[in-house]
Amino acid sequence: MSTQVLMPALSPTMTEGKLSKWLKAKGDAVKAGDILAEIETDKATMEVEAVDEGVLEQILVPEGTENVAVNTPIAVLRGEDEAEGAAPAPATAPKPAVKAEAPKAEAPKAEAKAPAPAKPAAVPQAAEPEYSGPTATQTVREALRDAMAEEMRRDDKVFLMGEEVAEYQGAYKVSQGLLEEFGPTRVIDTPITEHGFAGLGVGAAFSGLKPIVEFMTFNFSMQAIDQIVNSAAKTNYMSGGQMGSPIVFRGPNGAASRVAAQHSQCYASWYAHIPGLKVVAPWSAADAKGLLKSAIRDPNPVIFLENEMLYGQSFEVPQDKDWIVPIGKAKVVRPGNQVTITAFSRMVGVALEAAELLAKEGIDAEVIDLRTIRPLDTATIVASVKKTNRLVSVEEGWPFAGIGSEMAAVMMEQAFDYLDAPVARVAGVDVPMPYAANLEKLALPQAAQIAEAAKQVCYR
Amino acid sequence: MAKAATKPVAKSAAQPAKIPSEDLIRHYRDMLLIRRFEEKAGQLYGMGLIGGFCHLYIGQEAVVVGMQAAAEEGDTVITSYRDHGHMLACGMDPKGVMAELTGRAGGYSKGKGGSMHMFSAEKKFYGGHGIVGAQVPLGTGLGFAHKYKKDGKVAMVYLGDGAVNQGQVYEAFNMAALWKLPVVYVIENNKYAMGTSVQRSAAGTKLCDRGLAYGIPGEQVDGMDVAAVRAAAAKALGRARDGEGPTILEMMTYRYRGHSMSDPAKYRTKEEVAKMRQEHDPIDRLRERLLAEKHIDENGLKNMDREVKDLISQATEFAQASPEPDPAELYTDVLIDLETVRA
Numbered sequence: 001m002s003t004q005v006l007m008p009a010l011s012p013t014m015t016e017g018k019l020s021k022w023l024k025a026k027g028d029a030v031k032a033g034d035i036l037a038e039i040e041t042d043k044a045t046m047e048v049e050a051v052d053e054g055v056l057e058q059i060l061v062p063e064g065t066e067n068v069a070v071n072t073p074i075a076v077l078r079g080e081d082e083a084e085g086a087a088p089a090p091a092t093a094p095k096p097a098v099k100a101e102a103p104k105a106e107a108p109k110a111e112a113k114a115p116a117p118a119k120p121a122a123v124p125q126a127a128e129p130e131y132s133g134p135t136a137t138q139t140v141r142e143a144l145r146d147a148m149a150e151e152m153r154r155d156d157k158v159f160l161m162g163e164e165v166a167e168y169q170g171a172y173k174v175s176q177g178l179l180e181e182f183g184p185t186r187v188i189d190t191p192i193t194e195h196g197f198a199g200l201g202v203g204a205a206f207s208g209l210k211p212i213v214e215f216m217t218f219n220f221s222m223q224a225i226d227q228i229v230n231s232a233a234k235t236n237y238m239s240g241g242q243m244g245s246p247i248v249f250r251g252p253n254g255a256a257s258r259v260a261a262q263h264s265q266c267y268a269s270w271y272a273h274i275p276g277l278k279v280v281a282p283w284s285a286a287d288a289k290g291l292l293k294s295a296i297r298d299p300n301p302v303i304f305l306e307n308e309m310l311y312g313q314s315f316e317v318p319q320d321k322d323w324i325v326p327i328g329k330a331k332v333v334r335p336g337n338q339v340t341i342t343a344f345s346r347m348v349g350v351a352l353e354a355a356e357l358l359a360k361e362g363i364d365a366e367v368i369d370l371r372t373i374r375p376l377d378t379a380t381i382v383a384s385v386k387k388t389n390r391l392v393s394v395e396e397g398w399p400f401a402g403i404g405s406e407m408a409a410v411m412m413e414q415a416f417d418y419l420d421a422p423v424a425r426v427a428g429v430d431v432p433m434p435y436a437a438n439l440e441k442l443a444l445p446q447a448a449q450i451a452e453a454a455k456q457v458c459y460r
Numbered sequence: 001m002a003k004a005a006t007k008p009v010a011k012s013a014a015q016p017a018k019i020p021s022e023d024l025i026r027h028y029r030d031m032l033l034i035r036r037f038e039e040k041a042g043q044l045y046g047m048g049l050i051g052g053f054c055h056l057y058i059g060q061e062a063v064v065v066g067m068q069a070a071a072e073e074g075d076t077v078i079t080s081y082r083d084h085g086h087m088l089a090c091g092m093d094p095k096g097v098m099a100e101l102t103g104r105a106g107g108y109s110k111g112k113g114g115s116m117h118m119f120s121a122e123k124k125f126y127g128g129h130g131i132v133g134a135q136v137p138l139g140t141g142l143g144f145a146h147k148y149k150k151d152g153k154v155a156m157v158y159l160g161d162g163a164v165n166q167g168q169v170y171e172a173f174n175m176a177a178l179w180k181l182p183v184v185y186v187i188e189n190n191k192y193a194m195g196t197s198v199q200r201s202a203a204g205t206k207l208c209d210r211g212l213a214y215g216i217p218g219e220q221v222d223g224m225d226v227a228a229v230r231a232a233a234a235k236a237l238g239r240a241r242d243g244e245g246p247t248i249l250e251m252m253t254y255r256y257r258g259h260s261m262s263d264p265a266k267y268r269t270k271e272e273v274a275k276m277r278q279e280h281d282p283i284d285r286l287r288e289r290l291l292a293e294k295h296i297d298e299n300g301l302k303n304m305d306r307e308v309k310d311l312i313s314q315a316t317e318f319a320q321a322s323p324e325p326d327p328a329e330l331y332t333d334v335l336i337d338l339e340t341v342r343a
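Quick mapping for you: the protein sequence lines, in order, are chains A and B. If you use full-length UniProt numbering, the first sequence closes out at 460, no skipped numbers anywhere. If you use full-length UniProt numbering, the second sequence closes out at 343, no skipped numbers anywhere.
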């Protein structure tokens, strides 16, 4: 059977080119891989290789021809088993077939006409179970440690790796006692090599293990962000659902105290931007424990943002090893009627202080602990705003493209008719974190500022 | 493709192991399948049926075929974006690979990954990664998992001569050596990182020595000779399986085509390419050996050509007949549903 050799496209944008030279003549035998001709575009000279074997029966476009359109037949190749002079087989309609299917030129038009696929409705989140069992007073640090220990007892695929997590017992003592209980194969001190061990953890997760990767602080996760975003978050999608990354990246996030610009920033907005990641940022010790257990059990990559300033704070914590807090559920930590204040991590405590200040002035604020940043529990926030008609969003991170920006957009889209005032954002000041004590304090949201913002949206 | 039936015995490169006749024939067929597949992919790209970036493996076939020849069932493979050959060598179906190239529902990633991002959990092929060097820590993690699970398997981690200048590669080398992970790093040195030659990008061009500071032994191998690759692979895989840690194999190879389809290849001469093809082509060399040593005759080779050609035709037809992914697929596989996992 004869086949037509078509003018090839050598880049996604090429539409035509010059057939500058034939390297085979009529009657020449051709093997797959042989160079048939040279073609030129405005950018380059390229070679056309034969894909099939046979004899070059006809040259349809002589050398030197300019502006040969892509997919024009340029030669006919006779198959090896065929008699000479046999009529060239009708082109197996490559040109129209290609045109009909050409994805590049036609796709945008087709897309414009096709109805947009329906975005799946948000998956209803599992309700948070009521807990009535025994509790104990624990610090956030102890609660995190217990969460890891309980999950490591439950599933031997769970392991912890990071800098100083084993023999040093954790740079912030979060992994205290884990090496003793689980041994060095499951509690692993790494070299100072964030990019490397983050990637190693993701690879281990691809093959079914459940790594907990500790960053000494999330500031150092920027060394590893390619592995988090490009490898952990995207591979399940890129593999058509074959290969997930059940991994937790955890560690302290946000400003600590007097450690200045490179060690004080909030990554909530950075990671929340990425489809394929879940982002959790608890405030209380109970939520820290319940959410970390959920994160470890989750089949997806979870960014678990802790806060160094909270590690030593104590809360009542459920003591049942089967108790967890579902990811994706915000919590009303102080009910109120006149203004909604959302916050996460350490800012929840500051927001509660602000609510006390407001109460003294007769304003009844509702404080919501977001707990999970992505997927955001918009239902709980919208329900609150329908009641209060006002929203103040609080975060430690910078305002530009921050969580508050997202909150404002969600209110526009889902609660516009209920708003009695524009959404107010209280955020970290839009500068690198300074070292000096007075400047550092000025750079972070304070209770008085939050109260002031709340009064403004209440027109007081 | 079938893997070596028995655990290969480690032999020094100077004295290559005697390779059974049927293995040599199979290696020839496996290399031919990759060559023909890539030629067809190049053609489909020219017809506009494959989009974006498309990096062909033509010329380098002996590397992955020789490595897989020494591998065991359950060993894992990971590479960069020049990955079509690796997938075929891992036994993935040419239909599914070609349909992914054309962005169709029948592709290995349902059309959502494309040439550079393809995976098969079943065939232990872990991608297909588009960021130069990122597969090296990931593959080291596969090795870590083999050791953690004590399954006796080895991760084969492929990287190019360009990736060896990425910092994360050395972070991975350090941990692999420190923890004696069962990993074989296969540097496919095809002499050019896109358009920059090794001489112009590497201070110290003997890339197999890049692990010496970590105590990782390295060896340069004729990557255009499938028997040499197989012998070196057997030795390195054996070391890893015996708990002695990683090895670096620097495969001296060559790609005949450009870095990607739209590469005018002005950084090297046509004579250089032609000389490699004429004097070192891995498929031609093995073909000559098969005939000279009478492992197979011309007729047998012709039948094999036909069989491979048919497979490629079927893959090509499938890749064009398979529909584009359903628009609803846009939203699937972003996150794994917790309920699905429980069920």
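The hints are simulated quantities; they were obtained by calculation from the structure and are not laboratory data. Note that the Cβ used here is the ideal one computed from N, Cα and C, for glycine as well. Be careful, since some hints might not be right.
[To be verified] Pairwise CB distance ranges (calculated):
{"#": "1", "chain 1": "B", "residue 1": "303", "chain 2": "A", "residue 2": "26", "range": "25 to 31 Å"}
{"#": "2", "chain 1": "A", "residue 1": "28", "chain 2": "B", "residue 2": "201", "range": "27 to 33 Å"}
{"#": "3", "chain 1": "B", "residue 1": "328", "chain 2": "A", "residue 2": "416", "range": "26 to 32 Å"}
{"#": "4", "chain 1": "A", "residue 1": "189", "chain 2": "B", "residue 2": "206", "range": "28 to 34 Å"}
{"#": "5", "chain 1": "B", "residue 1": "334", "chain 2": "A", "residue 2": "183", "range": "32 to 38 Å"}
[Claimed, not checked] With a straight-line cut-off of 27 Å between C-alpha atoms, the simulated DSSO-like cross-links for lysine-lysine are:
{"#": "6", "chain 1": "B", "residue 1": "275", "chain 2": "B", "residue 2": "206"}
{"#": "7", "chain 1": "B", "residue 1": "309", "chain 2": "A", "residue 2": "31"}
{"#": "8", "chain 1": "A", "residue 1": "31", "chain 2": "B", "residue 2": "180"}
{"#": "9", "chain 1": "A", "residue 1": "31", "chain 2": "B", "residue 2": "18"}
{"#": "10", "chain 1": "B", "residue 1": "180", "chain 2": "B", "residue 2": "206"}
Hint check results:
no.: 1; hint: B:303 to A:26: 25 to 31 Å; verdict: holds (30 Å)
no.: 2; hint: A:28 to B:201: 27 to 33 Å; verdict: violated (39 Å)
no.: 3; hint: B:328 to A:416: 26 to 32 Å; verdict: holds (29 Å)
no.: 4; hint: A:189 to B:206: 28 to 34 Å; verdict: holds (32 Å)
no.: 5; hint: B:334 to A:183: 32 to 38 Å; verdict: holds (36 Å)
no.: 6; hint: B:275 to B:206; verdict: holds (22 Å)
no.: 7; hint: B:309 to A:31; verdict: holds (13 Å)
no.: 8; hint: A:31 to B:180; verdict: violated (47 Å)
no.: 9; hint: A:31 to B:18; verdict: violated (31 Å)
no.: 10; hint: B:180 to B:206; verdict: holds (23 Å)
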